[in-house]
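Peer 1: Residues per chain are reported as follows:
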Amino acid sequence: MKYETVIGIEIHCELKTKTKMFSSAPVAFGEVANTCVNEVDLGHPGTLPCVNKEAVKLAIKAATALKCEIDPLVKFDRKNYYYSDLPKGFQITQQFHPIGKGGCIHIETKDGVEKDIRINRIHMEEDTAKQFHSEAGTLIDFNRAGTPLIEIVSEPDIRNGAEAAAYVEKLRTLLLYLGVSDVKMEEGSMRCDVNVSIREAGSDTFGTKTEVKNLNSISNVQKAIDAEVERQIALVSKGEKVVQATRRYDETQKTTILMRKKEGDVDYKFFPEPNIPPIRLDAAWIKDIQEHMEELPDERKARYMKENGLKEYDASVLVANRDLGDFFDAVCEHTKNFKKAANWVIVELPAALNKDNIKFANNPCEPKHLAAMINMVEAGEISGKQAKVVFEEIMKGKDPKTVVEEKGMKQMSDTSELLAMVTSVLDANPQSIEDFKNGKDRAVGFLVGQVMKASKGQANPALTNKLIQEELKKR
Amino acid sequence: MDFERARIEDVETRVKSAVERAKEKQEELNAVVSFVDVDSQLADLANKDPHAPLYGMPIVLKDNVNMKGVRTTASSRILDNYIPVYDAHISEKLKEAGAIVIAKSSMDELGMGGTNKNAYTGKVNNPWDTMRISGGSSGGSAVLVASGVVPFAIGTDTGDSVRKPAAYNGIIGMKPTYGRISRYGIIPYASSLDHVGYFTTAIEDAAVALEVLAGRDDRDMTSSYEPVPNYASDINSDIKGKKIAILDNVQEAITNAEIKENFDALMKKLQARGAIVEHVRFDDKLMRAMLPVYYIIANAEATANHSNLDGIRFGMREDGASVEEVMINSRTKGLCPYVRKRFVIGSYSLFEENQEKIFRKAQKVRRLIVEELKKALAGYDIVIASASGMIAPKSEDSQDEHLSKDVLVAENYMVMGNFSGYPSMSMPTGFVEGMPIGINMTAKPFAEQTLFNIGKAIEEETGLKGNDVEVDA
Amino acid sequence: MEAYSAEYFKKLAHDIMFDVSDDEVVELQAEFKELLSQIDVLNEIDTEGVEEMIYPFEAETKFLREDVVANVISQEDALSNAKSVKAGHVHVPKVVK
Ligand SMILES: [Mg+2]
Ligand SMILES: [Zn+2]
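Chains as they are written, first to last, in our numbering: chain A, 17 to 491; chain B, 29 to 501; chain C, 5 to 101.
Hints are computed from structural coordinates only; laboratory data are not their basis. Hints should not be assumed to be uniformly reliable.
[Stated by the list, open to error] Result set (DSSO-like, lysine-lysine): computed pairs, CA atoms no more than 30 angstroms apart in a straight line:
hint	chain 1	residue 1	chain 2	residue 2
1	C	Lys15	A	Lys278
2	B	Lys361	A	Lys146
3	C	Lys15	A	Lys200
4	A	Lys95	C	Lys15
5	B	Lys472	C	Lys66
6	A	Lys401	C	Lys90
7	C	Lys90	A	Lys34
8	B	Lys403	B	Lys472
9	A	Lys423	A	Lys352
10	C	Lys15	A	Lys277
11	A	Lys126	A	Lys322
12	A	Lys91	B	Lys403
13	B	Lys403	B	Lys288
Since the structure is predicted, the reported quantities are computational estimates derived from the model, not experimental observations.
Make the full structure from the sequences, and use the hints.
Peer 2: Here you go:
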């Protein structure tokens, strides 16, 4: 029998705000436990929630980028359950009126398969506390409690692990570009739950689904799905049934492991949060947010190709690595030689950083210095070979002009001065002139070399070449 | 005792003697959960403006009002060791106004009840007759004002928890408009019904108190931006032309002839002052629905609101082998059976399969009741009725809030003030069998001034300004 | 599970993290009987087309809190009410997942 896989993905992203979703305590990562909290985050008696404007703004940006319809009347609901990481005994979320509904996102897999994945909803909610389990018990740190989250729920349009990986990667870059979230899966600021089921190909009913949780990288999303699909097909082929359950992916065993069975759906007793009245978002504010959105990855790629004349590959590389793309844009503010700039940024810059083991965040090279160097090569002020030396210096934070001066590299581009030198070299090498006349082109190279030598390497090679050719013809 | 009388003594004497009286009466009334250290507060007065409205005034907070560093239990065992790390909005406001909190007062556990028999520290006794109940859930605060210990005490009102005990104790019980006073830092009962309220013995004091307590607080998103008027200086007891509607359903349900006579006589006096006194009648079905609607909504919201009481981060934690066991043991032991029972009912009505026919049905009927009240108030300044059809019952005769076939319309109607959020006030109008009785009036949203004005006229007629057990004795 | 049986109420209670005694179950059964008959009272009221009233006042707010850190409590305060504290964390018996 042929099977079709049906995958839906729920993604939780921590929003990049200064304070919590419902309290004015700071949002922080890696701080001392229980130092970024106040009474609200601890669920102390008598506390009340107060909605963070910036969180709403970031949710609007995400919803806009995902082409969701935005509900200008923001409402919240309570999701009731008891767990030690949930201080109030309920989570405030948007069950009944998500801020965004019915969007879509275009994905492209590594193999070049392109499709649209529909977005069911995007809603705001609050994160739970972080727990550390050991034999001696569980330790709870409430710093994360109340951190603003958006949950993005896809429609079950994803058909395999590769599409899932492409979907998550696309969302990740999108949210990163928008400044909505840090989207660090390994640090948990982006978390991915995948619902997987299989059905007979062509069927329009759904099979029993399992939920794979705690996936900490995009490659694991793909691997986990592939493993889970394989497992489900094996089960069904044997005539067994898929059991509704929550599972996790075990990297060493390369398979999914049962976490807990789901006996019927848990009743979370959702009801509207009485402490938060409906909030009417100002239409002008929403419009302003939408008009001032950061450039999205697809837009940036198109710009690189159209305005900067880059090849698709180069444009893709710069978009996939936002740091490089931003740096490229900064370089392009000081040079018109976009293609050269792209080449330096894509190839030489990462190589140089890599060699010295420097993180991009600590990159000592200033965009305007790199641009100046590129312009100097273009103007013939230094040679390509010299540029390599200069680059090493600007990677230490130096200004290329200073480097050239200090090293006495200034290329001789003064035509009359160079012409005098060419003339004297020609005069001194009649044999080469003879060779040239006899069709031996090599002679030109020799003569250029002589000029370079006489000029201590400062002669502009291109110009020298040109002058020698002209002078030879005259003789 | 009203503010004016309290001010006869100097601050130190006034505060110290209030503490002394509270301690003396503790055995008799059992109204105090914790005494609060007054020395540091008195010392703090040095930094306060002596003209602050409550400068050096001894007051009492219901034990669901958080005060930083002061044990706050909501009269529940599960919070027996809870020391708030923050001040309620009104605690800050009261401090600013120069008030000195002398005690935290007993209440029905977590506000759930109308007798004050459900307090972890035991029942509270009515100072007019200690065999009788104080009423609840703000019973401790009510009796500390009625017994002349303090001139002003904070309560909270979710069903009628300020206005009913006020009536049983012969004092003024004020529940302003929802959103008028921030709820930040008040241990809740049911969020959409909870109001901060308070007790005084004089209308002027009630007006001054509201000026102190009212105003926008950004930490409570339901808090109102409505400017706070000068209630006290604006009081005007000339009620000529004021339109007063007697709620007939209530008056007709009352069987006690003396209470009826007292009410009718008062209405005549108000008419004599030029008020237009007429009658309104609500749909009987809606009148009978008030208790079940209240009961369903309050219990549902309460069970969720109190899910935080799990013994993990604060409160009395009982040991257990797992975190689940810790929660179950702490909640089983920490919450009284009555509260647990109501949580079960609240939880049941929120289940997805039940919500439409129970919780949401109650919310719909709530709207119809509010529309009925709104309709009545469209033509009148206030709706008025007796605050209760009886005097405070004897302890053994009184029952906890529970559902019953014999709906006591006259005993449950004040909850319409909570459904609607409209301001509502009870005040004393006389005595029956030596026990105080009173009326209740409800006005349009943010029309607290109307209540103070008509209240002032009533106070002038009854002569019960400053009424407490000491005065009467 | 039979509706309104002792077992049923014990499960309801357990779901919201407490136990009820046999005596309490008897009370609950009585209260539920009354609840169901009160629901009948509500059902006599026509609420066709009536919206649920969630808040006393339904005026929409425009207020959103500015994203500015304003209130942080110390670790000491954060943990001061917890019965068991270890290494700056609230400590509980091992969570069984
Ligand atoms: Mg979800
Ligand atoms: Zn979620």
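Peer 1: Let me make sure I understand: some of the numbered hints might not hold for this structure. Which ones are they, in numerical order?
Peer 2: Hints 3, 6 not satisfied by this model.
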